[in-house]
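S.K.: Please put together the full structure from these sequences, using the hints given.
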Amino acid sequence: MNDYLKIKESAARKWEALNNSKVPVIYIGMASCGKAAGSPKVLDQIRETLANNNLKAKIIQVGCIGPCYLEPLMDIRLPGMPRISYANVIPALAGRIVESNLLKNDPMPKLAIGYFGDDPKGYAKGIERFFDLPMLKPQVRIVLRNCGFIDPGEIDHYIANEGYDAIFNAFRLGPEGVINEIEKAGLRGRGGAGFPTYRKWRICRESPGKQKCMICNADEGDPGAFMNRSLIEGDPHAVLEGLLIAAYAIGASIGYIYIRAEYPLAIQRLKKAITQMRKYGFLGKNIHRSGFDFDIRIKEGAGAFVCGEETALIGSIEGKRGMPRSRPPFPAVSGLHGMPTIINNVETLGTLPNILREGATWYTQFGTEGNRGTKTFSLVGKIRRAGLIEVPLGMSLRKIIFDIGGGTVKPFKAVQTGGPSGGCLSEEFLDTPVDYESLGAAGSIMGSGGLIVMDEDTCVVDLARYFLNFTQKESCGKCAPCRIGTRHLVEILERITKGDGVAEDLTKLQTLGETIKRGSLCGLGQTAPNPVLTTLKYFRPEYMMHVKDKHCEAAVCRELIEYRVVPGKCTGCQRCVDVCPTGAITGPRSEIHNLDPKKCIKCRACYEICRFDAIAGDAIIIRSKRGAANE
Amino acid sequence: MGKRGAKKKDISNILSGFRDDEGNLIPILQKIQKKLGFISEDSVRQTARYLRISENQIFGVASFYSQFRFNEPGRNSIKVCLGTACHVQGGQILSEAVERDLGILPGQTTEDMRYDYEQVACLGCCALAPVIQINDDIYSRMTVIRLKETMDKYE
Ligand SMILES: Cc1cc2nc3c(=O)[nH]c(=O)nc-3n(C[C@H](O)[C@H](O)[C@H](O)COP(=O)(O)O)c2cc1C
Ligand code: FES
Numbered sequence: 039m040n041d042y043l044k045i046k047e048s049a050a051r052k053w054e055a056l057n058n059s060k061v062p063v064i065y066i067g068m069a070s071c072g073k074a075a076g077s078p079k080v081l082d083q084i085r086e087t088l089a090n091n092n093l094k095a096k097i098i099q100v101g102c103i104g105p106c107y108l109e110p111l112m113d114i115r116l117p118g119m120p121r122i123s124y125a126n127v128i129p130a131l132a133g134r135i136v137e138s139n140l141l142k143n144d145p146m147p148k149l150a151i152g153y154f155g156d157d158p159k160g161y162a163k164g165i166e167r168f169f170d171l172p173m174l175k176p177q178v179r180i181v182l183r184n185c186g187f188i189d190p191g192e193i194d195h196y197i198a199n200e201g202y203d204a205i206f207n208a209f210r211l212g213p214e215g216v217i218n219e220i221e222k223a224g225l226r227g228r229g230g231a232g233f234p235t236y237r238k239w240r241i242c243r244e245s246p247g248k249q250k251c252m253i254c255n256a257d258e259g260d261p262g263a264f265m266n267r268s269l270i271e272g273d274p275h276a277v278l279e280g281l282l283i284a285a286y287a288i289g290a291s292i293g294y295i296y297i298r299a300e301y302p303l304a305i306q307r308l309k310k311a312i313t314q315m316r317k318y319g320f321l322g323k324n325i326h327r328s329g330f331d332f333d334i335r336i337k338e339g340a341g342a343f344v345c346g347e348e349t350a351l352i353g354s355i356e357g358k359r360g361m362p363r364s365r366p367p368f369p370a371v372s373g374l375h376g377m378p379t380i381i382n383n384v385e386t387l388g389t390l391p392n393i394l395r396e397g398a399t400w401y402t403q404f405g406t407e408g409n410r411g412t413k414t415f416s417l418v419g420k421i422r423r424a425g426l427i428e429v430p431l432g433m434s435l436r437k438i439i440f441d442i443g444g445g446t447v448k449p450f451k452a453v454q455t456g457g458p459s460g461g462c463l464s465e466e467f468l469d470t471p472v473d474y475e476s477l478g479a480a481g482s483i484m485g486s487g488g489l490i491v492m493d494e495d496t497c498v499v500d501l502a503r504y505f506l507n508f509t510q511k512e513s514c515g516k517c518a519p520c521r522i523g524t525r526h527l528v529e530i531l532e533r534i535t536k537g538d539g540v541a542e543d544l545t546k547l548q549t550l551g552e553t554i555k556r557g558s559l560c561g562l563g564q565t566a567p568n569p570v571l572t573t574l575k576y577f578r579p580e581y582m583m584h585v586k587d588k589h590c591e592a593a594v595c596r597e598l599i600e601y602r603v604v605p606g607k608c609t610g611c612q613r614c615v616d617v618c619p620t621g622a623i624t625g626p627r628s629e630i631h632n633l634d635p636k637k638c639i640k641c642r643a644c645y646e647i648c649r650f651d652a653i654a655g656d657a658i659i660i661r662s663k664r665g666a667a668n669e
Numbered sequence: 033m034g035k036r037g038a039k040k041k042d043i044s045n046i047l048s049g050f051r052d053d054e055g056n057l058i059p060i061l062q063k064i065q066k067k068l069g070f071i072s073e074d075s076v077r078q079t080a081r082y083l084r085i086s087e088n089q090i091f092g093v094a095s096f097y098s099q100f101r102f103n104e105p106g107r108n109s110i111k112v113c114l115g116t117a118c119h120v121q122g123g124q125i126l127s128e129a130v131e132r133d134l135g136i137l138p139g140q141t142t143e144d145m146r147y148d149y150e151q152v153a154c155l156g157c158c159a160l161a162p163v164i165q166i167n168d169d170i171y172s173r174m175t176v177i178r179l180k181e182t183m184d185k186y187e
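Protein chains in written order, with this note's numbering: chain A, 39 to 669; chain B, 33 to 187.
Think of the hints as simulated: they come from the structure by calculation, not from any bench. For each residue, glycine too, the CB sits at the ideal point set by N, CA and C. Hints should not be assumed to be uniformly reliable.
Unchecked claim - With the Cβ distance kept under 8 Å, some of the chain B side facing chain A (calculated, not the full set):
1) Asn56
2) Val76
3) Ala80
4) Gln99
5) Glu128
6) Ile177
As the list claims (entries may be wrong) - PhoX-like, lysine-lysine: derived pairs with alpha carbons at most 25 Å apart:
7) A:Lys637 / B:Lys180
8) A:Lys163 / A:Lys358
9) B:Lys185 / A:Lys79
10) A:Lys588 / A:Lys640
11) A:Lys546 / A:Lys588
12) A:Lys437 / A:Lys448
13) A:Lys337 / B:Lys67
14) A:Lys248 / A:Lys142
15) A:Lys159 / A:Lys96
16) A:Lys607 / A:Lys575
17) A:Lys636 / B:Lys180
18) A:Lys358 / B:Lys66
19) A:Lys310 / B:Lys180
20) A:Lys358 / B:Lys67
21) A:Lys310 / B:Lys67
22) A:Lys575 / A:Lys536
23) B:Lys63 / A:Lys337
24) B:Lys66 / A:Lys337
25) A:Lys536 / A:Lys637
26) A:Lys437 / A:Lys175
27) A:Lys60 / A:Lys163
28) B:Lys180 / A:Lys640
29) A:Lys310 / B:Lys185
30) A:Lys310 / A:Lys323
31) A:Lys607 / A:Lys546
32) B:Lys67 / A:Lys309
33) B:Lys180 / A:Lys309
34) A:Lys52 / A:Lys317
35) A:Lys358 / B:Lys185
36) A:Lys323 / A:Lys309
37) B:Lys180 / A:Lys79
38) B:Lys66 / A:Lys309
39) A:Lys437 / A:Lys575
40) A:Lys44 / A:Lys323
M.R.: Next up, the structure:
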């Protein structure tokens, strides 16, 4: 313990030095979302501005705080002042903001989005507290507490924020004590099914076997969800400490992180963090004289959704095709190479250090009976404030979508929870509390945390077709109900979206869906029909319109829609004529243009250019053909 | 703009970095793909000999995972995201535009080797959908019009 005290002291000094920095500190969000929004160019501009003005500042690259729609985010903290945050910063703006703060002590309140910390001197006058912003205020940040605040490449930052305290608490409690504490906390697996974490740990701990294995599931297969990626990118040590705690509890000496190869930055952060752990004695033999030996290896997944399923994941690590096998035996009894094995999701692991640091009783104050604690969600789709959020379990969908997410621009239509395995819920479910049982009762699932919000411009039949097409392609092919059944579902849905559907198709979808659910071997097939079954149940009229009237109200299904020039609006500016790849739009300048539906390939170029570049702005519309016939 | 470096065909030093244990098949294939840019028939033959398993078994495993490709990549790689968030924001229209512009289908490479093209399920930037990736650069909130300009920047 003594050598660790030294590590802790030096980490605290480093963190203090940053917080009491004599030079300004500039924080820039460099997670994947920030980078995609252009933060590397902003960073170049910051460096250039500093150099041009001969200014000194510390630049810290941080992870994602959550409001991805505000990226690129840049924060500035002058010595003794609060940290001021600026959103949607383009390079030119970044230069001005840096100069204004550093040269003129002017935080440009109109451009700032919020501030962090205390403001005794009134520097942030006219600026709101960041955590009082509508998107942040209803949130409770436990798992994400460090994301955006510490440098994820610095183990000392993690340690200075009480990181790795929890593993020492675990050593004091002993493995049984840890399992009891997690039972008391009521933690359920965050990977999808919500299985009580303590229960499978106990089975594994009690299973005979010289060696046991602890695996972190970072496959994040739900297409459209990125909670696990953000957590690893923003606070890798939280996940690694969780892995250490879990391994200690079940008595595992071998550890794996199974992570998607599509997440190169997260992999890089983990590799660096593991090296730092080793240097500080958190890996290897007799870790900090606890008698506990453990080491971690990273395995890169090769892009198959089904490999997120635990038995398939094990197969994949063993070098085989990632095919699920029937259980029992459960991996907790016989898993990787026959060893008793536990697989936990990234977020489940990221939660563990918080429970063991603050105690189970503290954790149970969040959430509801049977659904304790918080859950992270990626809130995306047709939503105003898209990003990564963390809320107590039991919060209503309405509060998440409207209070946190700011609602939709066009009227709200539906929300999909649980990704391809989940369901599509209509407006009447907005007051459903987000917990495992309530979502299940509504025909959906909690899943890993994807929330896709849809407005009236989204076609739910097209969405069902999209999900089934995805699961059909990802079906491993081992069992017939899933392999053949999902293909049939896709064929029927394609027919309907093309306007070739018949009324009996809806009955077929229903019975086929139910058969696949009952007959499939693993969770993939057992949940694959959910998007069809829920949309059929809650949006039946929309299916009927496609089948009977060949009408897609949302104007999405391409065979059922057309592009039109609105004569009263067109100014004849010819921008659309220039971008049309097939010459479908014609017309001399200043005269109303003509759009030939036979030549139109519905590529959207004219629609975009009219909205962003043309004089009129809304002279080209996309609408259902049936709408035209009714005129 | 990043381009792929010169390729060397020899993979024996990749193989010798691993024990001849079947469990290493996927990491070996990942290393081969990193080096050659794809899984060549020749590399499958050599790997089969090294691990003492059949070529068929290797193709069976490799074709199961979407990460592996079997034809030579172009100088640039374009990936269009068709994850859910990108789908509801029009990702499909972007992929059609790429196909029209390049005249190829997903998994193929243009004849002049300028572009290879793939569809992917989620690049992890869903909040900024629709998203495409060219080489290591990710572009968010993409439109059909900007797509063409962006693609023209890569030679
Ligand atoms: C088709 C399928 C895909 C899955 N994908 C994932 C995934 O990407 N990440 C994950 O953590 N769990 C996934 N799961 C759930 C895992 O099988 C497993 O239940 C989970 O990793 C256990 O961790 P937890 O108890 O911490 O939730 C998937 C399950 C199925 C059936
Ligand atoms: S769905 Fe396209 S980035 Fe996630």
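S.K.: Please go over all the hints and tell whether each is borne out by the structure.
M.R.: Outcome of the hint check:
no., hint, result
1, Asn56, "holds, 6 Å"
2, Val76, "violated, 15 Å"
3, Ala80, "violated, 13 Å"
4, Gln99, "holds, 4 Å"
5, Glu128, "holds, 7 Å"
6, Ile177, "holds, 5 Å"
7, A:Lys637 / B:Lys180, "holds, 20 Å"
8, A:Lys163 / A:Lys358, "violated, 60 Å"
9, B:Lys185 / A:Lys79, "holds, 17 Å"
10, A:Lys588 / A:Lys640, "holds, 18 Å"
11, A:Lys546 / A:Lys588, "holds, 19 Å"
12, A:Lys437 / A:Lys448, "holds, 18 Å"
13, A:Lys337 / B:Lys67, "holds, 18 Å"
14, A:Lys248 / A:Lys142, "violated, 66 Å"
15, A:Lys159 / A:Lys96, "holds, 22 Å"
16, A:Lys607 / A:Lys575, "violated, 40 Å"
17, A:Lys636 / B:Lys180, "holds, 24 Å"
18, A:Lys358 / B:Lys66, "holds, 20 Å"
19, A:Lys310 / B:Lys180, "violated, 37 Å"
20, A:Lys358 / B:Lys67, "holds, 22 Å"
21, A:Lys310 / B:Lys67, "holds, 23 Å"
22, A:Lys575 / A:Lys536, "holds, 21 Å"
23, B:Lys63 / A:Lys337, "holds, 12 Å"
24, B:Lys66 / A:Lys337, "holds, 15 Å"
25, A:Lys536 / A:Lys637, "holds, 19 Å"
26, A:Lys437 / A:Lys175, "holds, 11 Å"
27, A:Lys60 / A:Lys163, "holds, 22 Å"
28, B:Lys180 / A:Lys640, "holds, 16 Å"
29, A:Lys310 / B:Lys185, "violated, 33 Å"
30, A:Lys310 / A:Lys323, "holds, 20 Å"
31, A:Lys607 / A:Lys546, "violated, 45 Å"
32, B:Lys67 / A:Lys309, "holds, 20 Å"
33, B:Lys180 / A:Lys309, "violated, 37 Å"
34, A:Lys52 / A:Lys317, "holds, 17 Å"
35, A:Lys358 / B:Lys185, "violated, 40 Å"
36, A:Lys323 / A:Lys309, "holds, 19 Å"
37, B:Lys180 / A:Lys79, "holds, 21 Å"
38, B:Lys66 / A:Lys309, "holds, 18 Å"
39, A:Lys437 / A:Lys575, "holds, 24 Å"
40, A:Lys44 / A:Lys323, "holds, 20 Å"
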